[in-house]
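Each residue of the sequence shown is one higher than the one before, counting from 906 in the numbering used here.
Treat the hints loosely; a few may be bogus.
[What the hints assert, rightly or not] Keeping only pairs whose Cα atoms sit at most 25 Å apart, straight-line, the calculated DSS-like set for lysine-lysine is:
no., residue 1, residue 2
1, K1100, K954
2, K967, K1088
3, K1036, K954
4, K1228, K1192
5, K1072, K967
6, K1072, K1083
7, K954, K1088
8, K1036, K1072
9, K1192, K960
10, K1029, K1105
11, K1083, K1062
12, K1105, K954
13, K1088, K960
14, K1062, K1036
15, K1207, K1088
16, K1207, K1100
17, K1235, K1207
18, K1029, K1083
19, K1029, K1062
20, K1036, K967
21, K1072, K954
22, K1029, K1072
Simulated from the structure, these hints should not be mistaken for lab results.
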Amino acid sequence: MGMQSVAVACGALTLCLALTTATNPGFVVRITQAGLDYAQQQGIAILEKELAELKLPDFSGKSGNVRYSFSRLRIPSFHLPHSRITPISNVGLQVSISNASVEINGNCWVKFLFIGGPGSFNLKVENVDMKIILRLGIDTTGRSTISTSGCSARASKVGVRFSGKPKWLYNLFQKAVKSQLQKNLETMVCDNVAKSVQNKLQKQVRALPVTIRIDDKIGIDYSLVASPRATAQSLDLDMKGEFYSLAHRSTVPFSPLPLAFPSDHERMVYFGASSYFFNTAGIAYHKAGALVFEITEAMIPKDAGFHLNTSVFSAFIPQLEEKYPNMPMKFRLSTPTAPFLTIGPGGISFQPIVDAQAYAILPNSSLAPLFLLSLTGNVSAVINVRSGRIVGSLDVGRIRLSLQDSAVGNFQVQFLQTIMNILTSSVLLPHLNARLGECFPLPIPNRIQLSNILVRFHQNFLLIGADVRFQPRG
């Protein structure tokens, strides 16, 4: 049983497994029985092929006065008509196969006293039942461990046909040969399973990253915070679900709250993204200096009805015309603190604070600070999933303004309300939504595609459900 077959049979098991701690998860992945069933369907053809490629050893023996030897054993077919993968509480997964059948061909040589000669044989083994227990764990490096904690293979119906002379000689040891071939087959299947899991699948799983790089500034930690939890209906993976700065990772100043994950089982896989998950994104981007955005004249929509210069603003701030007549302007928007959002049954909402520093661009291209505004407003988000990523778009209500500092005297900020609304809705939001359209990758293996997606909001987390489809290499 090779690496690819076990990996596909386990399906989404190899999402990302890592370090165990005692904290609440920031992100939860649930693989339902439907998801395991799909993985089993995809893997069974590969498993049949690989079992058919098992190399059975040559063997020889003696039955009474009859000596025999068998060589060049090969398996032309190995059929697995009934199989199932089920979670086992506190262990991992059980792969059960029933009513399998296998055919074995080979060469043989028989000798009785002074009589003997070469021949060939065909062995058919039916009603083969197999049970493989895969134990899941985590090591101290934050990578997963997977091992075979049990394997059994039993056949209840064996038939053998020989071609060789004299025929009566072959019939003398038929029973002994059937028993020996059956025993060799059962042992080889389990030995090969254990070897493949230890040497191939374990190596493949350990090579999977527990962190995903989003861009040149930010990554996501999808390591486990607890051992996989198996129930009668699903396998749950509790993950850290934390964004961090690639340049300097620091401790998040708050902890994730418990997630009351619903008992949904209609989809093959479910993802629970907590408010902690999204809020660590805000912290990471804020610390990385990525929440800064500049608005210049070239970015103003042509149908906005105004230009970004001191002549326009001097209608509300007379001092501008005196100190900086008819000069281009720019705004630098930044967040004094990381944005903090809440998630509830009604959706995602937050009230970010944005500092808007206005500058006059002097003839020598240097900047003269004019005034600093504080902008607040109710922001809501629409969330979806596309190409294995959480994507979203923001909408903002009426912007509230307050004057924090001014180098051009006091003025009534309400006169700037219309202009700031246009800058926010026509320039800032399209930029943010373009970034959110790329957004955050989900912890799914390569070549797994999601479909039939649902998005629901619960207290403190976003629930995403989906069916999966394995895309083979072209």
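These are the hints, each one checked on the structure:
no.	hint	result
1	K1100 x K954	17 Å, holds
2	K967 x K1088	16 Å, holds
3	K1036 x K954	18 Å, holds
4	K1228 x K1192	35 Å, violated
5	K1072 x K967	18 Å, holds
6	K1072 x K1083	16 Å, holds
7	K954 x K1088	21 Å, holds
8	K1036 x K1072	38 Å, violated
9	K1192 x K960	57 Å, violated
10	K1029 x K1105	30 Å, violated
11	K1083 x K1062	10 Å, holds
12	K1105 x K954	17 Å, holds
13	K1088 x K960	14 Å, holds
14	K1062 x K1036	18 Å, holds
15	K1207 x K1088	82 Å, violated
16	K1207 x K1100	67 Å, violated
17	K1235 x K1207	16 Å, holds
18	K1029 x K1083	10 Å, holds
19	K1029 x K1062	8 Å, holds
20	K1036 x K967	32 Å, violated
21	K1072 x K954	34 Å, violated
22	K1029 x K1072	19 Å, holds
Consistency note: the structure conflicts with the earlier hints numbered 4, 8, 9, 10, 15, 16, 20, 21.
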